[in-house]
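Student: For chain F, the structure is supplied; the task is to place chain A on it using the hints.
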Amino acid sequence: AQSVTQPDIHITVSEGASLELRCNYSYGATPYLFWYVQSPGQGLQLLLKYFSGDTLVQGIKGFEAEFKRSQSSFNLRKPSVHWSDAAEYFCAVGVRGGADGLTFGKGTHLIIQP
Amino acid sequence: EAGVAQSPRYKIIEKRQSVAFWCNPISGHATLYWYQQILGQGPKLLIQFQNNGVVDDSQLPKDRFSAERLKGVDSTLKIQPAKLEDSAVYLCASSHRTGLAEQYFGPGTRLTVT
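Residue numbers (this note's numbering), protein chains in the order written: chain F, 1 to 114; chain A, 1 to 114.
In case anyone wonders, no lab produced these hints; they're calculated from the structure. Given the structure is predicted, the values throughout are model-derived calculations rather than measurements. It is possible that part of the hints are untrue.
Said to hold, decoys possible - Far from chain F by the CB rule (all over 10 Å, computed), these chain A residues: (1) W22; (2) K44; (3) Q48; (4) E102; (5) L111.
To be verified - Covered stretches of chain F, as calculated for chain A (at least 3 residues, CB under 8 Å): (6) 44 to 51; (7) 56 to 66.
The C-beta atom is built at its ideal place from N, Cα and C for all residues, glycine as well.
So that you can see chain F by itself, here it is in the shape it has in the complex:
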């Protein structure tokens, strides 16, 4: 079965600084990969996804992520964070050819310092 690990429970970043959130997955083949953001009281919003092709994917709100097969990673990055980026971030994996419910990591809570 597939699994997702987000090693960092909390990350604190100063406003304007760069950000990288880590995600590692376990799956026997090339998975579908997603990053979602969840703000307090809000539903999950898709930031970006990787299905195939270019391993560097661009998303909404200035986020990007890079798929690295050799490291089984799909880290999320943003060059300059804004206070409004404070939220919970979830990495998720989907299985090719199966029922397509997603398997989520436990999330990383992003805190933005002024």
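Tutor: Chain A in isolation, oriented as in the chain F frame:
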């Protein structure tokens, strides 16, 4: 377009009571998902519907949880009887097709079992 609607937003019940949650997906979306998100964890898929048929319910605790989508539109998730460990946010999501199309999430129902 209107997003995924869920009600109620909050519910407090005592253990051994029953509870039901309602979800109305985005118009035209054939696929509907129910996820359970326990505090501090990522969402976990409970059940996936394609129209009014069940695609995957392998993680649904069928001794106490049930779900239906009788007309292939809105859906109800029921817990009977509830246990303390059922305290969680129940998220509904929909997508316009299977094959890992983007899932759009509702705001969730926060259940507290006392």
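Student: It remains to establish, for every hint, whether it holds in the given structure.
Tutor: Here is what the structure says about each hint:
Separation of W22 (chain A) from chain F is adequate, the least Cβ-Cβ distance of about 15 Å exceeding the 10 Å criterion. Not every CB of chain F lies more than 10 Å from the CB of K44 (chain A), the least distance being 7 Å, so the non-interface label is violated. Chain F draws Q48 (chain A) into its interface by the beta-carbon criterion, the shortest separation being 5 Å against a cut-off of 10 Å. Distance to chain F contradicts E102 (chain A) as a non-interface residue, since its nearest Cβ pair spans about 6 Å, not more than 10 Å.
Separation of L111 (chain A) from chain F is adequate, the least Cβ-Cβ distance of about 15 Å exceeding the 10 Å criterion. For the stretch 44 to 51 of chain F, the assignment as covered by chain A holds, since 5 residues bring a beta-carbon within under 8 Å of that chain's beta-carbons and 3 suffice. With 0 residues having a Cβ less than 8 Å from any Cβ of chain A, the stretch 56 to 66 of chain F misses the three-residue criterion, and the hint is violated.
Comparing the model with each numbered hint stated earlier shows that hints 2, 3, 4, 7 do not hold.
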